Amino acid sequence: MIVADRKSLEEIMDMIKPYNKILIVGCKGCVTVCNVGGAKEVGVLAAALKIGRKKDGNPIEIDEKTIERQCDPEYIEQLRDIYDRYDAVLSMACGVGPQFLSEAYPSQKFFPAVNTKFFGGAVQHGIWEERCAGCGTCIIHYYDGLCPIARCSKSLQHGPCGGSANGKCEISKDVECIWDTIVKKKMEQGRLEDLRQIRAAKDWQTARDGGPRKSIREELVQ
Amino acid sequence: MSNNGYKSGSNLEKVLKAGHFAFTGECGPPKGANVEHLKEKFEHLRGKVDSVNVTDNQTAVVRMSSAAASAIMVANGIEPNFQMVCRDRNRLAMMADILGVYSLGVRNMLCLSGDHQKFGNHPQSKNVYDIDSMQLIAMVKKMRDEGKFLNEEEIDEPPRMFIGAAANPFADPYEFRIYRLANKIDAGADFIQTQCIYNMPRFRDFMKQAVDMGLTEKAYILAGVTPMKSARMAQYMAKMVPGMDVPEELIKRLQDAGKGKQAEEGIKFAIEQIEEFKEMEGVAGVHLMAIEWEHKVPEIAERAGVLPRPQVN
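Chains as they are written, first to last, in full-length UniProt numbering: chain V, 1 to 222; chain G, 1 to 313.
Hints are computed from structural coordinates only; laboratory data are not their basis. Among these hints, one or two may not hold up.
As the list claims (entries may be wrong) - Below 20 Å or equal to it, Euclidean Cα-Cα: the simulated PhoX-like pairs (lysine-lysine) are:
# : chain 1 : residue 1 : chain 2 : residue 2
1 : G       : 239       : V       : 168
2 : G       : 208       : V       : 202
3 : G       : 118       : V       : 117
4 : G       : 218       : V       : 202
5 : V       : 117       : G       : 126
Claimed, not checked - Okay, the calculated bits of chain V under chain G, using three or more residues with CB under 8 Å as the criterion:
# : segment
6 : 153 to 159
7 : 166 to 172
8 : 187 to 201
Remember, it's a predicted structure, so these values are computed and weren't measured experimentally. Just so you know, even glycine gets a beta-carbon here, dropped at the ideal spot from N, CA and C.
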């Protein structure tokens with residue numbers, strides 16, 4: 001899923017400074033799963049903003065709404081009757097949300113309340129880690145299902161680099177060296193020869209380097 | 001264009017091919033456009049080494065480009081070993097720079113991944129890592145031997161580089177290190193310069209593996225030496241520099257040398273190492289990385305008995 005972090009209260013307060021009546025829109029998708037932008041978090045942010053603005057002597061009126069997904073026009077449509085009742089709208093979805101909202105309601109102002117980070121998963125309760133770089137051409141079958149593009153700090157296809165020590169990456173002792181894991185797994189399985197192959201330079205055209213991407217499923221297009 | 005059977009015709013290649021024990025140095029370009037400062041640093045190395053490595057934004061700190069500094073060296077009659085890291089450029093910029101430095105007279109290049117920008121003075125930068133060091137080696141070989149760019153297009157006047165790569169025998173997992181070296185040689189490395197060596201038993205073991213696998217017949221391996229200036233530097237390298245293996249005995253040896261004598265003890269150890277490398281099977285030379293200590297290189301070279309440098313025509 002897409003993992004996000006909420007922006008700081010100060011940054012959000014600054015964004016909505018000129019406005020007195022706002023709507024906060026949550027999303028029941030990824031950001032609910034990573035405890036950042038679901039109904040609960042919408043409520044917490046609304047309360048914090050109200051308190052903050054009251055303290056500043058500039059009270060604010062806030063309504064809350066959480067929709068199924070902000071990455072689908074049919075759910076975005078659910079705001080049709082209310083979107084123009086506000087000075088501005090704060091989206092708590094990933095970066096897709098405020099853009100879909102903005103495109104659907106061109107006369108309104110939309111602001112992001114979260115920072116969209118990466119494609120990842122929960123490695124333990126409360127900790128999410130990056131697992132995919134969305135490069136568009138998956139090569140993890142060469143590496144026993146482990147992705148060096150997303151998980152090596154240098155995206156090396158031939159690692160580990162000279163900075164690997166005790167299974168940790170050179171950039172920080174808190175970062176796992178995925179190449180160390182890949183090599184050890186190959187050794188344990190007696191398949192080190194897999195890593196004696198030299199891989200061609202990656203074709204990044206399927207990554208963002210090929211420009212904004214699109215995925216078309218012909219059978220679903222009407 | 002004939003190069004008398006040489007791949008590049010560089011001095012370093014000639015020295016190694018003739019079977020001499022090579023001796024290379026290093027020079028970090030200045031953190032500014034101060035050409036005089038650069039010249040002052042590399043003048044210490046004139047006639048004392050076969051080629052001088054020119055670092056490329058080392059430790060991810062922005063400096064005068066290795067391409068420009070290498071060209072200045074060529075213009076001043078000193079042979080550079082142009083270093084190129086994958087961190088800062090994509091394949092287009094890399095191939096353009098390779099053609100550029102070649103046209104300015106550069107004949108050796110060392111292909112590296114590069115330290116992550118997190119270490120440097122612009123941790124906010126967007127890194128590139130379009131290709132990795134293995135693919136860079138293969139790309140330079142393709143440009144030289146096939147006369148083609150990575151996209152298969154023909155190059156009008158291919159760059160004839162003597163291709164170098166780095167090896168760190170001390171990073172983890174140790175068992176894999178020799179395979180990574182083998183990969184780099186398969187990819188096209190003509191010579192290898194190793195990370196600074198302090199753990200001699202481990203390096204002996206690494207070299208034995210390299211000899212047993214026949215790697216030393218396919219590429220020249222230069223052992224990396226960095227003289228320690230003090231016990232504090234040794235402790236810093238042991239703790240703070242990734243992939244560095246500094247044994248406790250060496251730190252103690254420097255400490256025991258006493259105040260004011262640690263630098264001399266560090267140089268003594270480096271000289272002992274060089275003497276041993278001269279005899280070690282498979283070691284074709286030494287790469288002396290006297291970090292910000294270029295003025296000590298003549299003395300170390302003299303005392304290690306590697307002077308005068310051979311002239312191969």
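Can you give the numbers of the hints that this structure goes against, from lowest to highest? 2, 4
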